[in-house]
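Given only the sequences and the hints, what does the whole structure look like? Please build it.
Residue numbers (numbering that gives the first Met the number 0), protein chains in the order written: chain P, 0 to 263; chain L, 0 to 94.
I should point out that these hints are in silico values taken from the structure, not numbers from a laboratory.
There could be a bad hint or two in this list.
[Said to hold, decoys possible] Taking beta-carbon pairs under 7 Å as the criterion, some of the chain L residues facing chain P (in silico):
| id | residue |
| --- | --- |
| 1 | K16 |
| 2 | R22 |
| 3 | V26 |
Given the structure is predicted, the values throughout are model-derived calculations rather than measurements.
Don't be surprised by glycine CBs; every beta carbon is placed ideally from N, CA and C.
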Amino acid sequence: MGEVIVITSGKGGVGKTTTSANIGTGLAAMGYKVVLVDTDIGLRNLDVVLGLENRIVYDIVDVTHGHCRLKQALIKDKRFEGLHLLPAAQTKDKTAVSPDQMRELCTELKKDFDYVIIDCPAGIEQGFKNAIAGADRALVVTTPEVSAVRDADRIIGLLEAAELRSPKLIVNRLRPRMVKSGDMMSIDDIIEILAIDLLGVIPEDEMIVITTNKGEPAVLDNKSRAGQAYRNMARRITGEDVPLMDLYADLGLVNRLKKFIGFK
Amino acid sequence: MLDFLLRVFGKDASSSKNVAKDRLRLVLVHDRADVSPQLLEDLKEDLIKVITNYMDIDERALEVNFDNSDNTVALVANIPVIKMKRNAKREEKIG
Ligand SMILES: Nc1ncnc2c1ncn2[C@@H]1O[C@H](COP(=O)(O)OP(=O)(O)OP(=O)(O)O)[C@@H](O)[C@H]1O
Ligand SMILES: [Mg+2]
Numbered sequence: 000m001g002e003v004i005v006i007t008s009g010k011g012g013v014g015k016t017t018t019s020a021n022i023g024t025g026l027a028a029m030g031y032k033v034v035l036v037d038t039d040i041g042l043r044n045l046d047v048v049l050g051l052e053n054r055i056v057y058d059i060v061d062v063t064h065g066h067c068r069l070k071q072a073l074i075k076d077k078r079f080e081g082l083h084l085l086p087a088a089q090t091k092d093k094t095a096v097s098p099d100q101m102r103e104l105c106t107e108l109k110k111d112f113d114y115v116i117i118d119c120p121a122g123i124e125q126g127f128k129n130a131i132a133g134a135d136r137a138l139v140v141t142t143p144e145v146s147a148v149r150d151a152d153r154i155i156g157l158l159e160a161a162e163l164r165s166p167k168l169i170v171n172r173l174r175p176r177m178v179k180s181g182d183m184m185s186i187d188d189i190i191e192i193l194a195i196d197l198l199g200v201i202p203e204d205e206m207i208v209i210t211t212n213k214g215e216p217a218v219l220d221n222k223s224r225a226g227q228a229y230r231n232m233a234r235r236i237t238g239e240d241v242p243l244m245d246l247y248a249d250l251g252l253v254n255r256l257k258k259f260i261g262f263k
Numbered sequence: 000m001l002d003f004l005l006r007v008f009g010k011d012a013s014s015s016k017n018v019a020k021d022r023l024r025l026v027l028v029h030d031r032a033d034v035s036p037q038l039l040e041d042l043k044e045d046l047i048k049v050i051t052n053y054m055d056i057d058e059r060a061l062e063v064n065f066d067n068s069d070n071t072v073a074l075v076a077n078i079p080v081i082k083m084k085r086n087a088k089r090e091e092k093i094g
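As structure tokens, then:
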């Protein structure tokens, strides 16, 4: 029996889809059977981030409305045997699926896959409620900004109210240089405020843009820092204890000097 | 000069990340209270329980609210006292 993990954020554009694609691909690269479910109905994106947009025939609404069998709607990735995508519908709206239908869908998928990764739409409305309905655990993505952290706090409250206890935090787009100069909240600052456990930290990385352009998740790029962060995160999800990578290692001399003198 | 040094070493209290943290703390006090309107009600009930060990109060006129000014949040309670109990502490211990 597999596990259903929903990737949420509250605020839009902080990296839910990027994170879903990379964690899912990372787990598949480790040999697990993974299905990625795009629940952002009307704003389908996960397909292009994965480079699978040309192969879509059926979508999640076709499945829940019985227009096709679940197996028919699943798109198989060519790179990894175990990786599959259930695309969102592009022409319907978020009420086209109900929480009960999502629960049923997740129960079905769990039978065949080790990990069911759900990419949640932004917001706290129906789309969010649908996305979390069948989940066993939740991850919350934020960036080190006031508005994103505030929305993450709201989402954590709503997840706990929905019995999804102890969600884990992913901090995306961290800029070590700005943290060092005191112009960006650090991981410790964010953890202190939100009071939840950290799953991982992804640095701001141009490779995210480049790999997304090509439809090949950064997790497959051995030179990308963000890719490394996602590989670590995938391993943590499977229960491995992987230390956080040192994002400050290659900052300039002045910063290393500061560290040496004892200024944090 | 000191200002400059503090800034270089990222210890300035007014560095933008500290401003961000302070603003977040404030806004989350309100957000979290909003998420559960029940919270203030529960708090009121508990307050009444404790305070009536010591004095009679006008329970219906009791007011509890958050007040924020100057970067701090205070819990402000207005509790009209009707009369004090005699030997309040002892009564409570026996009761
Ligand atoms: N670590 C990063 N470094 C650089 N760019 C990033 C990083 N993470 C995400 N981005 C970029 O930010 C944009 C938004 O990311 P993404 O689509 O994953 O967010 P989202 O939370 O799914 O958005 P929505 O709420 O609209 O669904 C994308 O253009 C993506 O390439
Ligand atoms: Mg998205």
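Consistency of the hints with the structure:
1. At its closest, the beta carbon of K16(L) sits 5 Å from a beta carbon of chain P; the interface hint therefore holds under the 7 Å criterion.
2. Interface restraint check for R22(L): the shortest CB-CB distance to chain P comes to about 6 Å, inside 7 Å, so the restraint holds.
3. For V26(L), the shortest C-beta to C-beta distance to chain P is roughly 6 Å, which falls under 7 Å, so the interface hint holds.
Checked against the numbered hints above, the structure violates none of them.
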